[in-house]
Amino acid sequence: MHVYTAPVVVPIAGEPIRDGAIGVDGGRIAYVGPAADAPEAEGATAFDGIVTPGLVNAHTHLCYTAFADMYGNEKEFFEWIQDFARRNPTTADEAWKDSVRQGIAESLSHGVTAVADIVTPAVAFEALFESKLAGVAYWEACFIDDAAWAVRRSAWREVVTESRAVNNSDIAVGISPHTLYTLGTEVGKSLAELAHTLDIRLHPHLAETQHEDMFVRRGSGPFAFMNRRAGLELEIADGGAGHSPATQMDKVGWLGSDSHVAHGVHLDKADRELLRSRGTAVALCARSNARLEAGEPPVADLRSEGNPVAIGTDSRASSPDLDVAAEWPVLRKLALAQGDGGEGLNEWLVRAATEGGAKALGRDDIGVLKTGARADLAVFDVDTDGDPYAALVTGAAGKCTAAVLKGELVDR
1 MHVYTAPVVV PIAGEPIRDG AIGVDGGRIA YVGPAADAPE AEGATAFDGI
51 VTPGLVNAHT HLCYTAFADM YGNEKEFFEW IQDFARRNPT TADEAWKDSV
101 RQGIAESLSH GVTAVADIVT PAVAFEALFE SKLAGVAYWE ACFIDDAAWA
151 VRRSAWREVV TESRAVNNSD IAVGISPHTL YTLGTEVGKS LAELAHTLDI
201 RLHPHLAETQ HEDMFVRRGS GPFAFMNRRA GLELEIADGG AGHSPATQMD
251 KVGWLGSDSH VAHGVHLDKA DRELLRSRGT AVALCARSNA RLEAGEPPVA
301 DLRSEGNPVA IGTDSRASSP DLDVAAEWPV LRKLALAQGD GGEGLNEWLV
351 RAATEGGAKA LGRDDIGVLK TGARADLAVF DVDTDGDPYA ALVTGAAGKC
401 TAAVLKGELV DR
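Residue numbers are given in my numbering: position 72 of the sequence shown equals residue 72, and the series is strictly consecutive.
Fair warning: there could be bad hints in the mix.
[Said to hold, decoys possible] Using 30 Å as the maximum straight-line C-alpha spacing, the simulated DSS-like pairs for lysine-lysine come out as follows:
#1 K251 x K333
#2 K333 x K132
#3 K132 x K97
#4 K251 x K269
Hints are computed from structural coordinates only; laboratory data are not their basis.
Based on the sequences and whatever the hints tell you, model everything.
Spelled out as structure tokens, the structure:
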């Protein structure tokens, strides 16, 4: 048993605890409560500030950590996304793995102990599995039309099955159908069927830009041009589907309680209701959306209507860092500007980055401090006198001073 103490512990599974303690045994939490009542332990560590569960980055691409120069290149989304097609093929395997390791180290430095990570090159699985992070590594399918899928399906599926076979970490394997504008309709249905057959999770990008909405509804716009130039023949490009991306995503089987979507910027009331009815959470990435001029997610509506929400950073190619806490003040500002009254907003945001992310990944043993949960903690150097949720939302960005991963203090 090892006991960690702090002036304030925010367990999420219960009310904040003044002069709190977390007892850890075998990488799991054995006690959460007042420090005065903590069990005897072989060792103890006293933190300053506020301790929370380790944060969950519910949407990121750690393999692109080394592509941070793209964040500052000022390219609009349509230009920006095409850089990957030019750059990815020239990146060596060791460079990919190093990039993932950099992303893991940066995540831990910000108190992020679990991720929903999109895996573009198969070699990235190795770096994820060797870490002690929790979460899901989603094997990405991108730029595949129905004709190409007939040729590539077997090899693509083999990566999923082999990765699951060699995986002995706390990171599960899932599937990420990239978007509706980079995959054929039958490809999308096949990916959903595979995920359901293997009982693994799905994580697509949804409604990130107006370009996407234009393509899905009418089969037109910049993405139609991009696909024609790339020789990608998508059924939906022939006049569009005539409805929203959320509706189309439901038709191909990508929505459900075994899935969560990234971004959700351009969701109308009917779209949000559809996601709720399917039990599909939305991972908000507001700073990435702002950088790519994609728009502003409907934070106030998602909150007031009761949609399950998580928080992600997206990749270093579109975000200044992998600090989930830095998303809090941005999302708070958006919610208030959109008409949110503010009551309970800070707590809602902290929960979105902890238990909200955990639920989006299908987990109930991370994102909370409770007996039996993984002993993942984050410590923030913020004010401990007032409302801890307000202190975290307004001041935790860049202020993580320590992280505990499966009970062990991370070497910083």
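Hint-by-hint comparison with the structure:
no.: 1; hint: K251 x K333; in the structure: violated, 34 Å
no.: 2; hint: K333 x K132; in the structure: violated, 34 Å
no.: 3; hint: K132 x K97; in the structure: holds, 15 Å
no.: 4; hint: K251 x K269; in the structure: holds, 18 Å
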